[in-house]
Amino acid sequence: MHTHSNDGEAILNGVPVTALSGVYWGPLAPFEAKDAHDELLKTIEGRVGAELMTATVYDRKSGAKCGRYDVAVNASSGDGCGMYRSIMLEPSTGEIHDLATPPLWYQYKDPQDVVAKVHKFLVDMKFFENLDAFVYHVLTRAEAEAKGQVH
1 MHTHSNDGEA ILNGVPVTAL SGVYWGPLAP FEAKDAHDEL LKTIEGRVGA
51 ELMTATVYDR KSGAKCGRYD VAVNASSGDG CGMYRSIMLE PSTGEIHDLA
101 TPPLWYQYKD PQDVVAKVHK FLVDMKFFEN LDAFVYHVLT RAEAEAKGQV
151 H
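Position 151 (the sequence shown) corresponds to 151 in the numbering used here; numbering is contiguous.
If you are wondering where the hints come from, they were derived from the structure by calculation, not from laboratory data.
Keep in mind that the hints are not guaranteed to be accurate.
Subject to a maximum C-alpha distance of 20 Å in a straight line, what follows is the list of computed EDC-like cross-link-like pairs (lysine to aspartate or glutamate) [what the hints assert, rightly or not]:
(1) K65 x D110
(2) K61 x D132
(3) K109 x D79
(4) K42 x D79
(5) K120 x D110
(6) K147 x D98
(7) K34 x D98
(8) K147 x E95
(9) K117 x E129
(10) K34 x E45
(11) K120 x D132
(12) K42 x E32
(13) K65 x D98
(14) K117 x D79
(15) K34 x E51
(16) K61 x E129
(17) K65 x E129
(18) K126 x D59
(19) K109 x E51
(20) K117 x E39
(21) K120 x D59
(22) K120 x D79
(23) K117 x E51
(24) K42 x D98
(25) K65 x D35
(26) K109 x E39
Every value quoted in this text rests on a predicted model; they were computed, and no experiment measured them.
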């Protein structure tokens, strides 16, 4: 990951990581724990009856897939948590990066409500407009952890 010298845009192996024009997502579908992000699994550990669901996220302008919302809901308690997740492949190394926001907890009406609340939180904090900064932060932190420089 490098920072472009002219405008500060994040570059990952020569490919710019740019802000999205807005996103929308498809219907939620069940998925298995083996496909869940480690942080989502940690946050639901010990919660009996949590159901996992995911929705693919698309860029509003281009229609391109740009990530997913993963949620875990517990119907008996009315608690649900969700996270935005994107898988990035570095073409030059073949290395895959599973980038995810921290899981956010909410009371919910239905699983789609969890997605809507996570999305609103991310929009309010201008996450998608600053996606390049998020990617840069996550990848440089991962590199530092791999070198033992972050505790």
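message: Need the status of pair K61, D132: alpha-carbon distance at most 20 Å?
response: Holds, at about 17 Å.
- prompt: Is K147 within 20 Å of E95, Cα to Cα?
  reply: holds, 16 Å
- prompt: Given the hinted pair K117 and E129, is their alpha-carbon gap at most 20 Å?
  reply: holds, 18 Å
task: Given the hint that K109 pairs with E39, test it: the Cα-Cα distance must not exceed 20 Å.
output: violated, 23 Å
- request: Would you mind confirming whether the straight-line C-alpha gap from K117 to E51 stays at or under 20 Å?
  value: holds, 17 Å
- prompt: Taking 20 Å as the top limit, are the C-alpha atoms of K34 and D98 close enough?
  reply: Given pair K34, D98 holds - Cα atoms ~14 Å apart, limit 20 Å.
message: Check whether the Cα positions of K42 and D79 lie no farther apart than 20 Å.
response: Holds, at about 15 Å.
- prompt: Keeping to a limit of 20 Å between CA atoms, is the pair of K120 and D110 held or broken?
  reply: holds, 16 Å
message: Hinted pair, alpha-carbon criterion (20 Å max): K34, E45. Please report holds or violated.
response: holds, 14 Å
- prompt: If you draw a straight line from the CA of K120 to the CA of D79, is it 20 Å or shorter?
  reply: OK: K120 and D79 at ~17 Å, within 20 Å.
task: Quickly compare the C-alpha distance for K117 and E39 to 20 Å and report which way the hint goes.
output: Since the Cα atoms of K117 and E39 sit roughly 18 Å apart, the hinted pair holds (cutoff 20 Å).
query: Holds or violated: K65 with D98, Cα cutoff 20 Å?
result: Judged against 20 Å, a Cα distance of about 15 Å means the pair holds.
When the structure is compared with the earlier hints, violations turn up for hints 1 and 26 and for no others.
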